[in-house]
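Number of protein chains: 2
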Amino acid sequence: MPVRRLAVVGTGLIGASVGLAAKRAGVEWVTGWDPDGEAAAGAARRGAVDVATPTLAAALEGADLVLVAAPVAQLAAQVKAALAATGEETTVTDVGSTKTAVCAAAAGSARFIGGHPMAGGEARGPEHAKAELFEGATWFLTPTAQTAPERYRLVHGFVGDLGATPVAVDPASHDRLVALTSHLPHALANLLVNQAGATRIEGHEPLAAAGGSLRDMTRVAGSNPRLWTDIFLQNREAVLETLREHRRLVERLEAALAAGDADFLAAWIGEASTNRRRLLAEAFADPGALQRLSVHIPDRPGVFAAITQALGAERINIEDFEMHHHSPERGGELEMIVAGEPEAQRAAAIIARQGYDAVISPVLDER
Amino acid sequence: MPVRRLAVVGTGLIGASVGLAAKRAGVEWVTGWDPDGEAAAGAARRGAVDVATPTLAAALEGADLVLVAAPVAQLAAQVKAALAATGEETTVTDVGSTKTAVCAAAAGSARFIGGHPMAGGEARGPEHAKAELFEGATWFLTPTAQTAPERYRLVHGFVGDLGATPVAVDPASHDRLVALTSHLPHALANLLVNQAGATRIEGHEPLAAAGGSLRDMTRVAGSNPRLWTDIFLQNREAVLETLREHRRLVERLEAALAAGDADFLAAWIGEASTNRRRLLAEAFADPGALQRLSVHIPDRPGVFAAITQALGAERINIEDFEMHHHSPERGGELEMIVAGEPEAQRAAAIIARQGYDAVISPVLDER
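Residue numbers (the numbering used here), protein chains in the order written: chain A, 188 to 554; chain B, 188 to 554.
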């Protein structure tokens, strides 16, 4: 039996996007409540909920499924409140980015299944909600020994209907996974930009001399201080574990450098290359075939559109691309990823006919 | 007196690009030599050198300036050879990514000035050379107390003629700067992807669960094992210094997490936000005004071109953009950066007329 009536508790970006996606998937009635009345009204205006209720109790009334999308620090309390205010007819889930604390708060309720969609982005608030937010995203679900199977099935089906791929994992493993794949990268981005920012070298500012790698690696640095303070604290055991292991690996690298151990360094970089390939394999069928085309183009409106149009007309499939402006005077650098060397050659020929010179190189360069 | 005759020693990507840029800037005669005869011939075919000489001596004959663009491990020997084979009429410079060792090898010669252009990219070999490679790039020069001022002036002018911005720094400071802004980020990318790759959590592969931050932060991981082994070893003192400081900062973060110190974490993330803003200020006039537009578009040829064309026709200046494909079925996410909220609103309205929904959010989100 699918979800017919959904209650969304917390109607920010994620909650309101769930509302939009649920309605698109055919859920009959979506209620929404938010302690911030303006956020609830915004979700209603956006069509993400059929009604913004003035109280939590009114939102929960008659719901098959309650989805709690509160900030991580308020999650446990909201889930407890939702369980307390509902009965056997209602299943409760959440979308918090850590799972141990909220699952503990549910205290073994058969009606609760923790969840965490790997989607979001920089925007916040219901005005930025979109039904497509979860398409293709992994959505972790953390059933426990107490979870009733039919309730798990309900949430599993619901998440799939939103376009996401449900992946079951126990709460503690989930928190270790996100510590490693999300919280550690965030921490390193902050550490790196702060180390560069705090250092002066004979009057030179490292941040002014930064190349592309520092810019790429600090993209998430400094984002949402309140949200991230809570995430780090909520998941501090798992984050501490990854930081300790990271520090151990740094020490091993230091020892190899101090010893001038070229063999270690080459093997270590080679291992990174293999792991990078595995990472890309999640997004691309054959990462080894990926080719990068780099084109220097002038900063004039229309040049870029002309190139993409010409590629589109010839049905070149561009997997990914980026453009970085140097300056209005000097133009910018367009980088496109295509699959396969023949496709790359074909794209380069089309670009050459537009009067520009494309340089092809493999994405995975392991020489 | 500008450079009229240039000798390029090592005609790979950088050497051949210098040749192209020099010829574009009006240098009369460019010779090239490479221990790999095929690389020298390739540079000649590409028009990067007027002649590929069979010997180093023939390339150096009569040169005003010798530019050594050898791999970092061979740099010191090649610079010594170039100085030994030339006389007072010839100035020698290099493009190596570390400077202490090569400056030491030049042994206080008044005719040598170390150099390092902050440009390159993933491609290698003369076939990928381009005259625009150095436009807008910082080009470090490392004059010493022994450097003759008129020779410094010659190299300074030459580098500016290539389109780069010369920045003087002493060799040791240069190596500390690049250790912090380039070698440390590279090391952290390798460490991060290897830690994620080496961990299994209850059967789950962290690399399979990776979000965008891990992918962004490991972009340079595993690249060019031979080149990077040499770079790390050449600059090991400075790299060790940055790694030790990094480890100290990790320990401080661990202590704050263990103590549950929310104030520390919030201040630390806030500091990262300020530093990220300073980093972006190098590329953008007013980073605080930058707005991100996110648009979900179907994976059909032409959609993307239509959007960029419409923006181009309305003279919207796109500062940067990226597109990441989810899949052929689900389309992808287009992200564009524009300066100023009014410009972002105007762009969103144009995109809405194309039938797509653009979500606007500030690039620097410091709430």
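Check each hint, because a few of them may be wrong.
Since the list gives no way to pick one copy over another, a pair counts as held whenever it fits inside one copy or between any two copies.
[Stated by the list, open to error] Result set (SDA-like, lysine to any residue): computed pairs, CA atoms no more than 20 Å apart in a straight line:
1. K267 / A536
2. K267 / I503
3. K210 / H483
4. K210 / D251
5. K210 / D544
6. K267 / E520
7. K267 / E389
8. K267 / G390
9. K267 / A454
10. K210 / H391
11. K210 / G312
12. K267 / H391
13. K210 / D237
14. K267 / E530
15. K267 / S460
16. K267 / P474
17. K267 / G312
18. K267 / D450
19. K267 / G350
Calculated directly from the structure, the hints in this document are not laboratory data.
This one's a predicted model, so the numbers in the text were calculated from it and none came from an experiment.
Comparing the hints with the structure gives:
Taking the shortest alpha-carbon separations for K267 and A536, neither the intra-copy value of 61 Å nor the inter-copy value of 43 Å comes in at or below 20 Å. Taking the closest pair of Cα atoms, K267 and I503 never come within 20 Å of each other, the shortest separation being 52 Å inside a single copy and 49 Å across copies. Taking the shortest alpha-carbon separations for K210 and H483, only the inter-copy value of 18 Å comes in at or below 20 Å, while the best intra-copy value is 45 Å. Taking CA atoms no more than 20 Å apart as the test, K210 paired with D251 passes inside one copy only; the shortest distance there is 14 Å, against 73 Å between copies.
In this assembly of identical chains, K210 and D544 lie within 20 Å of each other by CA distance solely across copies; the values are 18 Å between and 48 Å within a copy. Neither within a single protomer nor between protomers do K267 and E520 lie at most 20 Å apart by alpha-carbon distance, with minima of 52 Å and 36 Å respectively. Taking the closest pair of Cα atoms, K267 and E389 never come within 20 Å of each other, the shortest separation being 56 Å inside a single copy and 28 Å across copies. In this assembly of identical chains, the alpha carbons of K267 and G390 never lie at most 20 Å apart, being 55 Å within a copy and 30 Å across copies at closest.
Taking CA atoms no more than 20 Å apart as the test, K267 paired with A454 passes in neither setting, with 50 Å inside one copy and 31 Å between copies. With identical chains, the CA atoms of K210 and H391 are never at most 20 Å apart, being 55 Å at best within one copy and 32 Å at best between copies. In this assembly of identical chains, the alpha carbons of K210 and G312 lie at most 20 Å apart only when taken from the same copy (18 Å versus 54 Å across copies). Proximity of K267 and H391 under a CA criterion of 20 Å is satisfied in neither setting, with 54 Å inside one chain copy and 29 Å between copies.
Proximity of K210 to D237 under the C-alpha cut-off of 20 Å is restricted to the intra-copy arrangement: shortest distance 9 Å within a copy versus 68 Å between copies. For a Cα distance limit of 20 Å, the shortest separation of K267 from E530 qualifies neither inside one copy, at 55 Å, nor across copies, at 45 Å. Taking CA atoms no more than 20 Å apart as the test, K267 paired with S460 passes in neither setting, with 45 Å inside one copy and 34 Å between copies. Proximity of K267 to P474 under the C-alpha cut-off of 20 Å is found in neither arrangement, the shortest distances being 45 Å within a copy and 42 Å between copies.
Taking CA atoms no more than 20 Å apart as the test, K267 paired with G312 passes in neither setting, with 24 Å inside one copy and 62 Å between copies. Proximity of K267 and D450 under a CA criterion of 20 Å is satisfied in neither setting, with 55 Å inside one chain copy and 27 Å between copies. When the C-alpha separation of K267 and G350 is checked against a cutoff of 20 Å, the pair qualifies neither within a copy, at 28 Å, nor between copies, at 63 Å.
Going down the numbered hints, you'll see the structure goes against 1, 2, 6, 7, 8, 9, 10, 12, 14, 15, 16, 17, 18, 19, while the others check out.
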